[in-house]
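**Student:** Residue-level listing of the chains:
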Amino acid sequence: MLSPGITITQPSAVYRRHRVDKNQHSLAWQGTGSMSRISQMFGDQRNGRINMTQTDLPVYKDDLFVNREKEIETVTKALENIARGDAEQVRTIVFRGERGLGKSWLALHLHRSAIKEKASTRIPDYRIVSFLISLTPPLKELQVGEREWYITSNDISQIESGDERHYEHLLQELLAWIAKQLDIVRSPYASLRDLSAWLAQDLRKKLESEQDLIICLILDSVFEANRGFLDDLERYLLAALAALPRVLIIMTGRGRPYLWKSPYLRLEREDQSLTPFSLEQVADQIGRSLHDIPEAANLSDEEFRQLAEKLAKKVINLGGGYPLTNELLARALVDQVLGRSPKSDDLEQAINSATIDNKVLEDVASRLLEVIPAQWRDKLREVLNALCVLKDGFREHEMPYFLAELRNTKPEGPEYTITAMRGLRDLLLETNLGRWQDARYVLDEAVRTVLEQLLKLQKREVWQRLHARAANLYEDWAKRYPNSRQYLEQRAEYHRRVLAEDVGHSVSFA
Amino acid sequence: MTTRDKNEYPDEHSLTSTDWFRRIGLRFDPYVHLEASSDPHLSEYTVNLDIFRVALDNKPTIIVAPPGGGKTAMRVAVTRTCWFDIGGTYPFPLPYNLGTAPLTGTPPTTREHLRLLLEAGTCALLTGLAFRPERLFRASSTEIRAVTAILRAGLPGPLDYYLDILRETGTPAGLTPLLERTYALTAPPPPDVLDRFCNTLATSGTDAMRGRMEEVFQTFVEVVTDALGFSHVLLLIDGLDAMYENQEDSQHAAPWAFELFDRSETWAKSKTFIKLFIPDSLESAITEYLHHHAISTQIARIIWNHDLLVSMLRKRISVASEERFESLDAISTPALTNVEQQIVKNLPPLPRIALQVTRKAILHYAARLNDGWQLDEEDIRYAIAWYHHYATQRSLSPPSR
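For the record, the sequence lines run as chains B and G. Here my numbering is used: the first residue of the first sequence is 1, the next is one more, and so on. Here my numbering is used: the first residue of the second sequence is 1001, the next is one more, and so on.
Treat the hints loosely; a few may be bogus.
[As the list claims (entries may be wrong)] Only part of the chain G face toward chain B is listed, based on derived beta-carbon distances under 10 Å:
1) 1043
2) 1084
3) 1200
[As the list claims (entries may be wrong)] With a Cα cut of at most 25 Å, we get these calculated SDA-like pairs of lysine to any residue:
4) G:1269 / B:207
5) B:479 / G:1025
6) B:205 / G:1137
7) G:1315 / B:439
8) B:140 / B:112
9) B:206 / G:1142
10) B:180 / B:257
11) B:379 / G:1025
12) G:1271 / B:85
13) B:261 / G:1059
14) B:261 / G:1231
Please keep in mind that the hints were generated in silico from the structure rather than gathered at the bench. If you're wondering where the values come from, they're calculated on a predicted model, not measured in any experiment. Virtual Cβ for every residue (Gly too), placed ideally from N, Cα, C.
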């Protein structure tokens, strides 16, 4: 999607509540400040198409979707089991993944394409009706499809401001929308509690009377949402739906999970972690995106494949294979190369020799960090920079040493107390860019990878100092804390190795 | 790091303040409730998920655990889970505490069991509906009359008396201590909706249902499953070992359950399933009876080991921190890793003791004003020493039945 042709069409008769604020800036959950999410569009005068700027978020298109066969198969099998009426059924599937791992694309792909194409073929006697409920506002360029409901930036803002009456209003709207989509009409003036009770009963009756009907509810960006809102979402909608016999609930989310109360959401559930793309998959992703650029038109299929693979290698080295990062980096690299040497016969060679500009990585990093509300962004960016060398995570007592090292000072004073660190830790967790995993906090790996690469490129000496700080700290603690020695020694060894592999480093150990 | 946060840790007496727990990243004290029914977060902590599953399903079941092994906690968690939503197709939990049966010296007859079950069921139903009146509002007027008639037939006092209490207190929580303590549910309706609920029942113009106890109880089940939309009825039977007569020899308690199991197949046909919670000392007597009479029942055992205890302690931390972290490791010095493992490996595998000792470590941490900014090895050593000291003196509170 380096230069996607964007079709402007009139949306069909679908629910379009998100459009009331389509020109507003989007908001992330857990924050009240507005932030720019969509870059300006500009017209490409050379080829007559509308191009996106380098770091626009890619908009879902069916033919650009790659990979995720395993996840699609999981959903298909769950639907088959539901159709068969298996006693041991998965009623809820949760796809977890880090920033830019393609969760929203997967949700859209399942709803718009995969369930229709795959599941409906396997169980032709059943009518699968899927709904997409997105708890993140849509990209401005996305055409909202049938049975798709998007939260708005304004909704998020009101929920985050603590307006609990807005939860009720929003959920009332959502329940009424679902009822309408399923031809279950109830008074629009009913209270949320009444609507919830009626919907539970009416859906049960509908499923009893229409034995070929399977309902599939897809919820995108769940864990990122406000916890109080999720409590109400479960109480008034999900708990009732999860208890029904032919309903499958699919969720996607990033960061710390949410503990559901309903047994059907907790027990009859399958969790899957999305993984970054392999080299082949990144090449496929890039190949589809590159397909339309005129500069590639003269290449043979084999040349084109080789070009995509070379780009994929560069992109994986820089970003770790996360689809959003792949897309942003590949697009930026090609734009960079074309800017310097626009002739197609030079393209492959130019890409081979291209090195990434700091600015490109900085743009990608900024894009990835847009999920942080504006008022916290600078503060958290510094914390992330300080901690990005800690691939295996950290605990709160480690944070002051790295923050101080980044600032080239000592970890002394009120800003380095445990209380201060806990405040920063909570901000990281609130934005879902950090989470507790295997006895430590870990940063979102997609973000961490890019930030460490950027730090290494921009401020190599700081990057080296941070690794040296880590090696020395863990070595020191290994001596002081014999119960944790082995584990601390392993960590010290990792940082020593990183520095040793870094050609030309000049930082000595204490 | 050399700077220490001063004067921010209270002494032990003020530890219950939520402020202190907030400072360590917890919304509440996850170890304070040793009595399951008083813990509002209980259903969120469940770690015995396989047992939880069979406790909810539609099969007669015996759930076995040692004293203090989490039977009551499981029963309460099942109850609250079933009423979490507003009107879905969840099972109806009917808590039947045999410990409250009249002390006649002999096991209750079938009729007595049915009368007690009806009373317990209507107490639970009225309390539950007061929290979720929307289930009643969506019923037809005929169904509402049936609900009223069955409530009048089963409640220990006049229905109007309980409705007056609801009107006076303005909250269904007013009924909980009076009728069914485990029904301390969340998300009560607004006062005007509660008032409408009271009026709906009070004006339905129906007398108490009369008839043979079997028929009345059967009607109760039909009202719950057909009119009110519950999927099936769970008879959550507990307290078999708590009866006065059975204190001397728990084996004497087993026959009190026989009569109930004689009816289990009949009940199963009408969507009613026994879930009997017993201590392990009663298992052989009851299973022998069931085997001899070819009564089909599934048996689930709550078996606590150190790994499960670690999971339980961590789940509580996870809930209290809103999933921000799952272990006390998060607030510990570098010297401490696997805090929960270090606590439980020195204790007998019982949740109550693990909870008490973990809380003691936290109390010690909170009370340390010097160097008190993180949980340390000394806090754990202190708590374990406290347990061993009091355990030898048999001073720990007795486990719940």
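**Student:** In ascending order, which of the hints set out earlier in this document are inconsistent with the structure?
**Tutor:** Going through the list in order, the structure violates hints 3, 5 and 10 and respects the others.
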